[in-house]
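Student: Whenever a hint applies, use it, and build me the whole structure from the sequences.
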Amino acid sequence: MRHIISLLMENESGALSRVSGLFSARGYNIESLTVAPTEDSTLSRMTIVTSGSDEIIEQIIKQLNKLIDVVKVLDLNDGRFIERELMIVKVKANAQYRDEMKRICDIFRGRIIDVSDSSFTIEITGSSSKLDAYIESIDKAAILETVRTGASGIGRGDRILKV
Amino acid sequence: MSSNHISGAEIVIRCLHEEKVKFVFGYPGGAVLNIYDAVFQQNKFKHVLVRHEQAAVHAADAYSRSTGKVGVALVTSGPGATNAVTGIATAYMDSIPMVIISGQVPTYAIGQDAFQECDTVGITRPCVKHNFLVKDIKDIASTMKKAFYVASSGRPGPVLVDIPKDITAEKYEFSYPKSVHLRSYNPIVKGHSGQIKKALSLLLNAKRPMIYSGGGVVLGDAASQLTKFVRAIGSPITSTLMGLGGFPASDKQFLGMLGMHGTYEANMAMQECDVLLAVGARFDDRVIGNPEHFLSKPKTIIHIDIDPSSISKRVKIDIPIVGDVISVLTELNDLLSKEKTKQNPSLKRWFKDIGQWRSMNCLSFKNDKKLIKPQFVIQTLHKVTKGDAFITSDVGQHQMWAAQYYPFDKPRRWINSGGLGTMGVGLPYAMGTQLAHPEAKVACVTGEASIQMCIQELSTCKQFHLPIKIINLNNRYMGMVRQWQEFFYGNRYAESYMEALPDFVKLAESYGHIGMKIEKPSDVEPALKEAFSNKLKERLVFMDFITDQKENVFPMVPNGKGLSEMITAEDL
Numbered sequence: 001m002r003h004i005i006s007l008l009m010e011n012e013s014g015a016l017s018r019v020s021g022l023f024s025a026r027g028y029n030i031e032s033l034t035v036a037p038t039e040d041s042t043l044s045r046m047t048i049v050t051s052g053s054d055e056i057i058e059q060i061i062k063q064l065n066k067l068i069d070v071v072k073v074l075d076l077n078d079g080r081f082i083e084r085e086l087m088i089v090k091v092k093a094n095a096q097y098r099d100e101m102k103r104i105c106d107i108f109r110g111r112i113i114d115v116s117d118s119s120f121t122i123e124i125t126g127s128s129s130k131l132d133a134y135i136e137s138i139d140k141a142a143i144l145e146t147v148r149t150g151a152s153g154i155g156r157g158d159r160i161l162k163v
Numbered sequence: 001m002s003s004n005h006i007s008g009a010e011i012v013i014r015c016l017h018e019e020k021v022k023f024v025f026g027y028p029g030g031a032v033l034n035i036y037d038a039v040f041q042q043n044k045f046k047h048v049l050v051r052h053e054q055a056a057v058h059a060a061d062a063y064s065r066s067t068g069k070v071g072v073a074l075v076t077s078g079p080g081a082t083n084a085v086t087g088i089a090t091a092y093m094d095s096i097p098m099v100i101i102s103g104q105v106p107t108y109a110i111g112q113d114a115f116q117e118c119d120t121v122g123i124t125r126p127c128v129k130h131n132f133l134v135k136d137i138k139d140i141a142s143t144m145k146k147a148f149y150v151a152s153s154g155r156p157g158p159v160l161v162d163i164p165k166d167i168t169a170e171k172y173e174f175s176y177p178k179s180v181h182l183r184s185y186n187p188i189v190k191g192h193s194g195q196i197k198k199a200l201s202l203l204l205n206a207k208r209p210m211i212y213s214g215g216g217v218v219l220g221d222a223a224s225q226l227t228k229f230v231r232a233i234g235s236p237i238t239s240t241l242m243g244l245g246g247f248p249a250s251d252k253q254f255l256g257m258l259g260m261h262g263t264y265e266a267n268m269a270m271q272e273c274d275v276l277l278a279v280g281a282r283f284d285d286r287v288i289g290n291p292e293h294f295l296s297k298p299k300t301i302i303h304i305d306i307d308p309s310s311i312s313k314r315v316k317i318d319i320p321i322v323g324d325v326i327s328v329l330t331e332l333n334d335l336l337s338k339e340k341t342k343q344n345p346s347l348k349r350w351f352k353d354i355g356q357w358r359s360m361n362c363l364s365f366k367n368d369k370k371l372i373k374p375q376f377v378i379q380t381l382h383k384v385t386k387g388d389a390f391i392t393s394d395v396g397q398h399q400m401w402a403a404q405y406y407p408f409d410k411p412r413r414w415i416n417s418g419g420l421g422t423m424g425v426g427l428p429y430a431m432g433t434q435l436a437h438p439e440a441k442v443a444c445v446t447g448e449a450s451i452q453m454c455i456q457e458l459s460t461c462k463q464f465h466l467p468i469k470i471i472n473l474n475n476r477y478m479g480m481v482r483q484w485q486e487f488f489y490g491n492r493y494a495e496s497y498m499e500a501l502p503d504f505v506k507l508a509e510s511y512g513h514i515g516m517k518i519e520k521p522s523d524v525e526p527a528l529k530e531a532f533s534n535k536l537k538e539r540l541v542f543m544d545f546i547t548d549q550k551e552n553v554f555p556m557v558p559n560g561k562g563l564s565e566m567i568t569a570e571d572l
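Residue numbers (this note's numbering), protein chains in the order written: chain R, 1 to 163; chain V, 1 to 572.
By construction, these hints were calculated from the structure, which means they are not laboratory data. Glycine included, C-beta positions come from ideal geometry on N, C-alpha and C. Some clues are possibly wrong.
If you anchor each label on the Cβ, the simulated ranges turn out as follows [claimed, not checked]:
#1 S127/R - K178/V: 46 to 52 angstroms
#2 E12/R - K340/V: 54 to 60 angstroms
#3 A232/V - E12/R: 46 to 52 angstroms
#4 D221/V - I88/R: 54 to 60 angstroms
#5 G21/R - E173/V: 33 to 39 angstroms
#6 R231/V - E12/R: 46 to 52 angstroms
#7 D78/R - L335/V: 31 to 37 angstroms
#8 G14/R - D221/V: 28 to 34 angstroms
Tutor: Right, dumping it as structure tokens:
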């Protein structure tokens, strides 16, 4: 099953490679991994999207907790949470595609952030599956380039991951 | 600059003094010259110059294994650090507390492919508990404090501190932190009381209770608490390779080692028990074989371990108890002393079953008039040393024979590489052990293949007057490889024959030691007696025992099979 794991770790050089190294050394999947500093500059927050049986996810959480630089770990799937990912897509927008691209962009509540004679650059946010759905719904031949951030997640309501 | 400023190198040394380090095992080189200059100007610890960095780490590791203290190694950048990696990985797999200090090229040269540069922190990351690259002289003292704390607390392990050369030359005031706090690292010490009560009640009411202890008991200095508990409960107990000595092997409740080369009775009892208590052990592949087969006989499993990630890793645990083994065992003993203990009536029946398995006498072997049986050498070693020696071993058949035929009654007496299985550790392990225990008898049980992997250390032994007794079980084969080739590869002995062996007697003599070659069974005991005699008390003796080439280690659980699917000597 797909799990989103959030963690807070010391904002130190090498901390990222400890986490990514753990996943490769133990053969765990990483679907995406995203990391950036938090409002507390000594801490980074990382979101890892992974998949595995319950036993494997349990081991992943334990192994992450074991890393000295990792301060807190939370499996978002243990409760209710919100997931968002940003995707920027450059699509063909010549006469053949221009109207259709605008229309599909609106349906997915995306925004056109750059325009040229022959292309649109579109920004879309949402769950990873929504972004997948967008890609599915447009003509593959029209896609010039895509870039995705990987999912970030946060617990709903009072569920807070903080030191 | 105020007058109390000292160099980064001196700060490193002062930190080691603060940690009351007695021995540093190392090898100098460009990036650590400043540190070595500071080593030269102090006499609070002894520096042990090895002949290869791998041996420095192994020796520091054995110093730790045999004393419980943190072992310290010092190596230079680049090749110094990469040579140390095997030693670090060996210590990591067996959870040995160590601090390894490595020199690094100057901070301004990092990333420039400088002479003797390598990414030491990157290379060692997967095989250390933690590592640090110190980039500022202000951080040396606090980093060293953290390193010793992390290495020795929780589940212990090696910690590496990489220090660039320019930082060791700069000057700063020295102040060693009294304590250390890491918000991200708080090892759990005390076990959950409710779980501990539940565990005790399960064990007391079990029909076929079984205890399985591991290296955690030795590392956690919990042998006496374990012994007290097991005797009070009255159940049988087995031990992993790493746990030997955690419970007296001469006690009748002890069933011998379990696992791939465990005794028939220990493996059968593991398989057939209804309640199993695992203490500081991790259910690894060499211990329980195939996990599905292991669980095919239903049993309730209680697991005490300081590392939560060891619990339910290979086998689902019913009653997990995360905590320091000594703390949990003490609590169990306290609870037990309050119970109105009457002996569990089921035990009699259980020991009757066990008695039948024991009567297989699975470790029996036939002595020969002409050929020296390796098992006989170990048995005689036990007899001659009265079971009171420190035994180090390399990796292979000789290691298993030492574990099977030298019963250990005390912890920290059996020093070997269990997890990583590193050939070559035996001699450096004996060095670290002998330095820690100068008056003790230290024997290195090895084979002609393993010993050659760190043979250069005979020179270190000469320099430091280490009277180690080397028991070389020389069968002219990489014995364990040959055994697997015989059993599973149709007798095709690919590259396992040791050709062009040196004359070990002359080799030992050339290093200034005593060499003996023993070719007849009747000479085994006299040779060992002579080697351990007062006359040779100060000397290293290399005993080259020419043993039966065809001898195999039994019983054996083939790889991937279940514990009750052992091959015994009689099966073949």
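Student: Run every hint past the structure and note whether it holds.
Tutor: Here's how the hints hold up against the structure:
1. The given range of 46 to 52 angstroms is respected by S127/R and K178/V, whose C-beta atoms sit roughly 50 angstroms from each other.
2. A C-beta distance of roughly 55 angstroms is found between E12/R and K340/V, which places it inside the suggested range of 54 to 60 angstroms.
3. Remark: the range hint 46 to 52 angstroms for A232/V to E12/R is upheld by a beta-carbon distance near 48 angstroms.
4. A hinted range of 54 to 60 angstroms holds for the C-beta pair D221/V and I88/R, which are about 58 angstroms apart.
5. A C-beta distance of roughly 36 angstroms is found between G21/R and E173/V, which places it inside the suggested range of 33 to 39 angstroms.
6. In this structure the hint that R231/V and E12/R lie 46 to 52 angstroms apart at CB holds, the actual value being about 48 angstroms.
7. Look at D78/R against L335/V: about 33 angstroms separates their beta carbons, and that is inside 31 to 37 angstroms.
8. At about 33 angstroms, the CB distance of G14/R to D221/V agrees with the hint of 28 to 34 angstroms.
When each numbered hint is compared with the structure, no violation occurs for any of them.
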